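A.B. asks: Residue numbers (our numbering), protein chains in the order written: chain A, 18 to 248; chain B, 411 to 603.
If you're looking for bench data, these hints aren't it; they were derived computationally from the structure. Heads up, a few of these hints could be off.
Below, a list of computed lysine-lysine pairs in the DSS-like style, where the Cα atoms sit at most 27 Å apart [what the hints assert, rightly or not]: (1) B:Lys-423 - A:Lys-195; (2) A:Lys-199 - A:Lys-124; (3) A:Lys-113 - A:Lys-124; (4) B:Lys-443 - A:Lys-84; (5) A:Lys-199 - A:Lys-236; (6) A:Lys-173 - A:Lys-236; (7) B:Lys-423 - A:Lys-173; (8) A:Lys-144 - A:Lys-195; (9) A:Lys-113 - A:Lys-144; (10) A:Lys-178 - A:Lys-236; (11) A:Lys-178 - B:Lys-423; (12) B:Lys-423 - A:Lys-236; (13) A:Lys-145 - A:Lys-113; (14) A:Lys-199 - A:Lys-145; (15) B:Lys-443 - A:Lys-113; (16) A:Lys-145 - A:Lys-236; (17) A:Lys-236 - A:Lys-195; (18) B:Lys-423 - A:Lys-199; (19) A:Lys-199 - A:Lys-144; (20) A:Lys-178 - A:Lys-195; (21) A:Lys-84 - A:Lys-199.
A few chain B positions that, by computed beta-carbon distances, are all more than 12 Å from chain A [stated by the list, open to error]: (22) Ala-461; (23) Arg-465; (24) Leu-467; (25) Leu-477; (26) Ser-482; (27) Ala-484.
Since we're looking at a predicted model, the values are computed, not measured. Cβ atoms here follow ideal geometry from the backbone N, Cα and C, with glycine treated the same way.
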Amino acid sequence: MEGGILQGTIHCFNQIMALTQTATATEQLTTTTAAETPVRSEASEDAILVQRVQGGDVAAFDRLVVKYRERLFSIVYNLTSNREDAADLTQEAFIKAFSSIGRFKGKSSFFTWLYRIAVNTTLSQLKKNRLRRFFSLENINDEASSSEIVEALSVKTRTEKGALVRELQERLNEALQKLSPKHRTVVVLFEIEGLSHQEISEIMNCSVGTVRSRLHYAKQQLQSYLQDYIR
Amino acid sequence: MPKKEPTPVTLEKLLQLKRAEQPPPEFWDSFDKALHTRRLRQLVDQPSPWAWWCRSLRRAAYVFTPLAAAASFAFVFLADPERPVDSPPSGAVASAAEFDFAPGAALDFALASSGAREDVAAVDRYADTSSARSRFVDETISMTSDRAHYRKVLYTPSIHSAARDGAVHYVAEPIAEAASRVGTASSARMRHF
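Chain A with its partners taken away, still in its complex shape (with noise of 0.2 Å):
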């Protein structure tokens, strides 16, 4: 009898056992396919509207611009510190991209592919110019001022939060105008786009080590530069 109600016990337990193992995984895959969700949904859209493209439908690209101006104007104008040159090597980057999407035959992402042309355009322009350059900078937006770091920098330096926020922006784009153009970007893709190693290393073409050891270089030189500013 206790032998029975043992055995039973115990078929109970692997029963709940299963049960939970198998809701631990239903919830693993759930999260997994929820995360990964977005990425694939927008490279698959991307997909849809470069084949319209290249089917000859130009509002398709229209909407490709209109997706990505904001990221990739950000990205040129972070190499360049200067607003103009930022938009006419934009548009640049999307009418190269635009005559040759014939071309792209999706081995990399969209996006991979055209942060490439935009980074190579832009690096052979510094190369052009480089001794011809001077900030014109964006403006920076409130978000910036009510920032912990801009708080914390205020209350140490004593300084005004709006003085010390265009102190703070000339000072960094400075620092990023003396680094390389290679390090630079990878700073920038890095840090401020928010790109894994991965991403950047198909962007510029590189290993993923490369780029760790350019990104470790890179901030070791920023370091130096803003030491006013860490603690």
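Please arrange chain B on chain A, whose structure you already have, making use of the hints.
C.D. replies: What follows is chain B alone, placed relative to chain A:
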């Protein structure tokens, strides 16, 4: 109540401030208009396939013009028809080395069938044989008592004819003409061509 710890300032957080540098919304209107204009201009200025061909031909001309000039120069100056030929022309059956015999041997060979050195008919008979082939032989240019000067000429029996006066004349034929510049050789000097 414990005092709140100040936020540590890191490089990463400082760099994130750059995300706040964004153009105002109205910027994108002018951006889109400029991009649209540039794209239209690019479509209008897009070169036709003919232009591509013209450009390619022009590029090819840069490469091939000097080559063509060099080839013309070589043809005109190096392939001088007056220049004596030291080696058999392509297509010649025998080489000079193969028939590097002593002066007079060719004639001996040609007249061997009759056994008579002065027998012009033998030359004719030899010339008529279809098996006769071109070969280099030595022709006497000048002869003194102790020295003779020779040069190699291409001898083709089928294109030579013997004259009754004892001299053998060339038939005006390009290959023979190019090979040797001797108009007539005297049979009296034992050199028949």
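A.B. asks: Quick one: which hint numbers does this structure break? Sort them smallest to largest.
C.D. replies: Per hint list: zero violations.
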